[in-house]
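K.L.:
Each of the two chains sits in its own frame; use the hints to bring them together as a complex.
Line by line, the protein sequences are chains A and B.
Residue numbers for the first sequence, in the UniProt record's numbering: 1 to 664.
Residue numbers for the second sequence, in the UniProt record's numbering: 1 to 269.
Don't read these hints as lab results, they were simulated from the structure.
Some clues are possibly wrong.
What the hints assert, rightly or not - No farther apart than 30 angstroms at their CA atoms in a straight line, the calculated lysine-lysine pairs in the BS3-like style are these: (1) B:Lys220 x A:Lys67; (2) A:Lys143 x B:Lys111; (3) A:Lys100 x B:Lys191; (4) A:Lys100 x A:Lys180; (5) B:Lys118 x B:Lys60; (6) A:Lys59 x B:Lys60; (7) A:Lys436 x A:Lys446; (8) B:Lys191 x A:Lys141; (9) A:Lys244 x A:Lys98; (10) A:Lys53 x B:Lys111; (11) A:Lys98 x B:Lys234; (12) A:Lys185 x A:Lys574; (13) B:Lys70 x B:Lys60; (14) B:Lys191 x B:Lys132; (15) B:Lys111 x B:Lys234; (16) B:Lys220 x A:Lys100; (17) B:Lys70 x A:Lys59; (18) A:Lys89 x A:Lys141; (19) A:Lys53 x A:Lys233; (20) B:Lys111 x A:Lys89; (21) A:Lys67 x B:Lys191; (22) B:Lys60 x A:Lys89; (23) A:Lys100 x B:Lys135.
Stated by the list, open to error - If you anchor each label on the Cβ, the simulated ranges turn out as follows: (24) B:Glu139 x A:Asp116: 44 to 50 angstroms; (25) B:Asp151 x A:Gln123: 23 to 29 angstroms; (26) B:Lys10 x A:Lys436: 31 to 37 angstroms; (27) B:Leu199 x A:Ser361: 54 to 60 angstroms; (28) B:Glu139 x A:Val102: 14 to 20 angstroms; (29) A:Asp131 x B:Thr69: 39 to 45 angstroms; (30) B:Asp151 x A:Gly9: 26 to 32 angstroms; (31) A:Leu355 x B:Ser64: 20 to 26 angstroms; (32) A:Lys436 x B:Arg195: 40 to 46 angstroms; (33) B:Glu9 x A:Asn24: 40 to 46 angstroms.
By construction, the Cβ of each residue, glycine as well, lies at the ideal position given by its N, Cα and C atoms.
Here are the chains, one letter per residue:
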Amino acid sequence: MNKKQSTKGQDLHRLKAALDLYDNAPCGSICFHNDGLIFDINNTLAVWLGFTKEEIINKRTLPSLFKIGGQIFFETHFFPLIKLQGFIKEVYFDVVRKDKSVLHGLINVREIPAQDDAPLTYQATVLDMSDRWHFEAELLKAKQQAESDSKAKADFLSTISHEIRTPLNAILGIGNLLHKTPLNKNQKDYARLLLHSSEHLLSLVNNLLDLSKIEARKFELEHVDFDVFDLSKILEQTFSVRAKEKGIEMRVDLDTDVPRYLIGDPVKLNQILTNLVGNAIKFTKIGSVTLSISVAKMSKQEVYLDFKVADTGIGIPSEKLESIFQEFSQASYDVNVEFGGTGLGLTISKKLLELHGSKLSVSSKLNVGSKFKFRICYKKSDKVLAKKDLSILESEKHDFGDLMVLLVDDNPANIFIAEQYLEQWNISYLSAESGKKALSMITKHKVDLILLDLQMPKMDGYETAKNIRDLKLNMKPVIIAFSASTKGEVNEQLMEAGIDDHLPKPFQPKQLYEILLRHQNVNPQSQGQLSSIPKKSLKKSMKKSNPKLNTPKVSFKLDRYIKMANNKPEYLKKFKLSTLDALISYQKDYNKAIVKNDIKMISDLIHKSTMSLYYIEADPLTELLMESRSMLQAENKDESLLNDKVTECNKEFIIIINGLTEKD
Amino acid sequence: MKNSDSNIEKLFNIKILGSGTQPVLFAHGYGCDQNMWRFVYPHFEENYKIILFDYIGAGKSDLSAYSKTKYDSLQGYADDIIKICAHLNLKDAIFVGHSVSSMIGVLAINKEPSLFSKMVLIGPSPRYINDKDYKGGFEESDIQELLHTLDSNYLGWSKAMAPVIMGNEDRPELGEELSNSFCTTDPEIAKNFARVTFLSDNRKDLKLLDVPCLILQCRKDIIAPLEVGQYTAKSIKNSSLKILEATGHCPNLSAPQETSEAIKEFLQT
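Looking at chain B on its own, in the form it has when it is part of the complex (with noise of 0.2 angstroms):
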């Protein structure tokens, strides 16, 4: 165990930033990678020690760890998290998920209580597909379509993900190398990811969460509409649920600064 220890920040593309103590793990969603908190982790910069990185499979993660078995359940991620902050010695660190982040990390702390001492899930969902009178908001089929999706766009995929050189006159900050380098994940992960996503059912292990939590919830997002999130706050003990002005899926995107003020609020309280 001892030797692979000095791989993990390579494995995962650990990356530790922000110039406080108290650890915020930040695990991104489906679809994408550490990127995703590109706007929001400036935030926290000064008073909290930030941890960034990319599941298996995603971003600048090795893609050689991947193996099919070992993911083939949102355990198989929540066992990495628990390796992660062994291997940072986190304990008690705040838990900022998005998307089936949530659930990983809910997953994770159920293992392994002294993990976290607060979470914070970003547009949690613990079941996408609508089972008799829950509902998550999909039809199993619709996920096929959308692995279908994941099929036709390997062409536009590789071209929309092809290194274009241009410069980023408008965001400078990106620098030329970045462009088109995010996000990028192996087709044949992204489908397994996806499938091990959307037919997840983790409406059992919210009821053993015992942490505080903060839900926050997005207007309009399609992905875990409202009501899911409101069947989350309410299977979790300890947790409020917060509605954000921002709508979709990826607040963390498109509205960075509510985002984080949010959590900001209740990390203080």
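Bound-form chain A, shown alone (with noise of 0.2 angstroms):
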């Protein structure tokens, strides 16, 4: 008997500790009907909540205690939810609390099934999350902060490339022009070092903006028909250069077996061996470098290459060797000191390796060299390219016959170059500072290509390309277009305003040289019979020549220089005196290179007073200079013509040399 009674008392004893632990649990309990009236609370909730229990029991409803917006979430998604699966967990709630101030909650449901005769309920579990809540909130924050620094520091980053790239091709471009000229030892130091110079921080702003555009995912890989041989040549032929001024070998080795022609993505196969042969180079001072591409399998339709770039270089201490792929990261200090560099070539090859889902390894000895290895598996193409003719890119020495090009860009310095360039390479040319002198330009003359800029006031370098579709021209010009930023990220925009082609700024006169080479063909009607005449004919030197006289032109100006001396006039006068000399001297080479019938004295005075007519607008002048070349090298030279022109030129001449003298 005893026995039993202490038993029940244990019971009781048990139900007691369980309704208190039920009562005072760390957690909230409710329980509610099917329409969600809540029929008990327990006291930890109801004093989270501030109320007594008599205020809740058979008065409110669960969804009652939401907010509103969680009252619609209860009713379209919590409640469907539970009653279809019988449970549901971790689902945030706001509970609004007497004071109307905000529980953040965890709520767990469990439906409890009717039994006998009693109904079918539910059984909630609240958990108090506001210090995850907190936790979160404050992380979601620095998460999006994060996010749109970052985002903010790309942007800055792509604004900035792309600023300094548009003067940067101007520095480029005059750095070319200078070497061609001629110049005595000391100068052509100077140009050698200017131009090496503005290409080192052309590279430098390339794979800063490259860098930027894989860390915002803009990078995407093309599928293109390639020749693996001519990509392996120019290579070859680029790096072998500079291995010759260090003195070092350089060899491509290129097993037979590597199928020649294949599909993937050329440009940044080429970059990432570029960055990889490029540092192995630098950092070797004697022995060799070695590219190596054999294949490592091959299937009907896919190879996979081995590609291995191997110095006698410094090597690579092996605890840094993780570290030299991490951006701006170079193995020490001193290296950069005594290298230069950014640092960031390893890493973008890499991060190009990744997009091909493949991986950059790397092996060295200190002292002995390094290897940098990886492996990327291509289609075979069955498409036979055109062997680029590297004898023509290299010589620059193509008849472009009567190919009529236009420049379209606002900037004058870029027309400027663009137009050196193209007498260089012999080809006719307009220009237009704007898309709608252009747009009037091409309805009366011919025009074969357009090198049109895409960033230019009022109508830009697409809104230009677009219009001239519109004109339906019987012969649709090619367009291609220039512009700070790479291919990439406008292609879409180019194919939609029906833009043909792409030429990053700032570029080398190789590449301007290799996309008219490229395109001069497409148009077969544009061709026309006189590209079978060798030389340049007089009948086209003047058509060149007549967009410009039908505007009559001022034979100089001096806003340039004005604009330059910056109202210091001891400047200006010193700039004028110093163009008077020079006109002096140039207009007694010129008749000069008459009487002799000297053509190269002729180009050289067109070269040498380029800068100086630039700065005072001469183009008038220019303009009859060029003449009186394409006069001199005619094979029917036409003497009375020429003597008119000669004639014409020396009272340019004096018009300007006048004007210096007098204006003030």
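P.N.:
Structure, rendered in structure tokens:
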């Protein structure tokens, strides 16, 4: 009897403990009917919410404790889900306390099926997740902040890079032009230094842009046919010059079984290899750098190529092998001091390989050398691609025949530079400083190819191109866009605007040459019979100057000097005097060249005088000089026409010389 | 157009059940999918041909077919109803729509009058936001709060939705693989649908309706309060309003028996 009683006592005790636990558990508990009406709430939750149990029980429904958004959510999502699956876990609700403040609650609900007389009910536990909620909110805020910072950084980087690329185009262009003029040894060294430095700066800016694009995931792989033989050949040619300068050997081993024509992204492959080979040469003082390409495995459609760049350079200490792939990281500070560079090349290469689903691996021994390896799978192409005629590219001696190019750029420096290149290659051209001018020129003259700047005020390049296409010309000119953006970014827009190709600014003259070569024959009608005539005919030269003669031009202007002098009359005077001296000597040279019938001499004069004539905007004289040269070059020279030209040219010289002496 | 037809059933996860010939199209509401009808459609299997589907973005529909522009208004969803009916050759069907589907059905028949011969609208609301004398039950800021709740439940939702391997001892009919696969909606789509639903105004469209309509109204429905049900009934010429014993917004889940009987009664008249 006693025993039984004590068991009963124990049971009672347990029940009391259980009830106590239920009431004062560290989490809230709530029981409700099918219609949401609450029939029980534990002490904990009542205290959390600031209600007495009596204010809740049989008076409130569960959703009525939520904020309005939560109520809709309860009705449309939460309730259907409990009904369908019988439970629901960890859904977040703002629970409203009596004082209208909010408890951040995480709610679990369980359905308790109907049994005998008892109807179906629900039991919910409520966890106070205010801490977690605050952490989450903080984390979310930090994440959003970090993302927006990173985006702002990338945008900034991209804007600044673009801004830098535009003037860099001019520096690089002038450097190239300067390099080709007759210079003394010192000047040649300066010019080379200028050129090298601007090329270096360009590669730095390009790397930064690439990196920001990779980070912004704006990079995509292209799938185009390419010739891997050509690609390695060009790499070899490019780098053997640099290797020779350093007294090391540059070798390219291309396995005989490597298929020549592939489908993939040649630009990115070239970028990776350029980075790796460039680095190898940079860090090698004696010995050699070898690029080898071999077949790892091959099927009918695909080939896995192994690329290896090995050098006999300074090597990388083993503890640094990992960190060299990080942005702005080089093996040591001293390395940077001695070898320069940004340390971005490897990071970019690594990321470009990740795009290919590949990995860059490195092995290295200090003072023995390094080996960089990667493997890429390419589809094989059955197209035979036209081999790039490297000799033409090398010599820049292709005859473009009758090709007429229209330059459109709002920046006179850029027009000037492009004009100089076209002059060198004996290509006829017109120029327009705005899209509107370009449009009117196109309707008046036959134009085969348009070099179009994308970023122009008022009518930009895209709009200009669209307008040109809308003219529905019989002979559709090829449109090539210039821009400080790289192609990937603008590709779609380009296609939409009817632009055929794209040349990123700044460009090397070779790139412009190559793109002109590529497109000169696209329009068969525009080739015309004249292309069979080897030298420029007089008629053609006249045609070239026609558009400019149509609009009477002032012989020269001082605007540029005035601007440069920046309100300092003594500077303006100096500029004028030095130009005056130069022009007097140019006139002498000119007449000498004509008498001696010396084409080289007149070419030198044209080069020599470019900058002076550019500054004083003596376009008519510039044209006359060039026309004189063309006449000298012409096979069937017409002496009387030449004499007229010489007279005209001398007249122009005198107008300017007098003008410079008088004008104040 | 023809080539996409074969995909329509996959696109909308269409299920055809029942042994009758008179088609009944059950259209689910905001927040869930065709599972909403799980306890209702069995009542109609014997005498009707039952068509269940998921709207694009809901349930097992083809999420890739979702387009923010197309589904920027309820008309986009209504056009899908028309498409489904055309594909199944449905004419003079019975439309049963829950919640926002009521208005989607109204837009569909207004565009294509031969679609339905009768309509059942469960918890309809032509406009959720109060407007001068019209009491929809919500302020625009409430809807912003809902969107916020949806946002804060990304984490919670994914947990609630994560497939939990557990036996459904209480509901063996569901089977293990079904647990937690109900009412899954892509969070972004759920937000867009919420916006389109709760900011819509279809009061004008009710007036164009001309087929017999049953409006099923729950007691204590905060989404579609009684006043809104009465307004809807008054606006539709040929309609009757039935107030159910059930509470809340989903009588098809909380009181399937009562809901089914009310529908049957209406169909038999």
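K.L.:
All hints, please: hold or fail.
P.N.:
We went through each hint and held it up to the structure:
| no. | hint | in the structure |
| --- | --- | --- |
| 1 | B:Lys220 x A:Lys67 | holds, 17 angstroms |
| 2 | A:Lys143 x B:Lys111 | violated, 47 angstroms |
| 3 | A:Lys100 x B:Lys191 | holds, 26 angstroms |
| 4 | A:Lys100 x A:Lys180 | violated, 81 angstroms |
| 5 | B:Lys118 x B:Lys60 | holds, 27 angstroms |
| 6 | A:Lys59 x B:Lys60 | violated, 39 angstroms |
| 7 | A:Lys436 x A:Lys446 | holds, 17 angstroms |
| 8 | B:Lys191 x A:Lys141 | holds, 21 angstroms |
| 9 | A:Lys244 x A:Lys98 | violated, 84 angstroms |
| 10 | A:Lys53 x B:Lys111 | violated, 54 angstroms |
| 11 | A:Lys98 x B:Lys234 | violated, 39 angstroms |
| 12 | A:Lys185 x A:Lys574 | holds, 26 angstroms |
| 13 | B:Lys70 x B:Lys60 | holds, 19 angstroms |
| 14 | B:Lys191 x B:Lys132 | holds, 26 angstroms |
| 15 | B:Lys111 x B:Lys234 | holds, 21 angstroms |
| 16 | B:Lys220 x A:Lys100 | holds, 23 angstroms |
| 17 | B:Lys70 x A:Lys59 | violated, 44 angstroms |
| 18 | A:Lys89 x A:Lys141 | holds, 26 angstroms |
| 19 | A:Lys53 x A:Lys233 | violated, 86 angstroms |
| 20 | B:Lys111 x A:Lys89 | violated, 42 angstroms |
| 21 | A:Lys67 x B:Lys191 | holds, 18 angstroms |
| 22 | B:Lys60 x A:Lys89 | holds, 22 angstroms |
| 23 | A:Lys100 x B:Lys135 | holds, 24 angstroms |
| 24 | B:Glu139 x A:Asp116: 44 to 50 angstroms | holds, 45 angstroms |
| 25 | B:Asp151 x A:Gln123: 23 to 29 angstroms | holds, 28 angstroms |
| 26 | B:Lys10 x A:Lys436: 31 to 37 angstroms | violated, 53 angstroms |
| 27 | B:Leu199 x A:Ser361: 54 to 60 angstroms | holds, 56 angstroms |
| 28 | B:Glu139 x A:Val102: 14 to 20 angstroms | holds, 18 angstroms |
| 29 | A:Asp131 x B:Thr69: 39 to 45 angstroms | holds, 42 angstroms |
| 30 | B:Asp151 x A:Gly9: 26 to 32 angstroms | violated, 54 angstroms |
| 31 | A:Leu355 x B:Ser64: 20 to 26 angstroms | holds, 24 angstroms |
| 32 | A:Lys436 x B:Arg195: 40 to 46 angstroms | holds, 44 angstroms |
| 33 | B:Glu9 x A:Asn24: 40 to 46 angstroms | violated, 56 angstroms |
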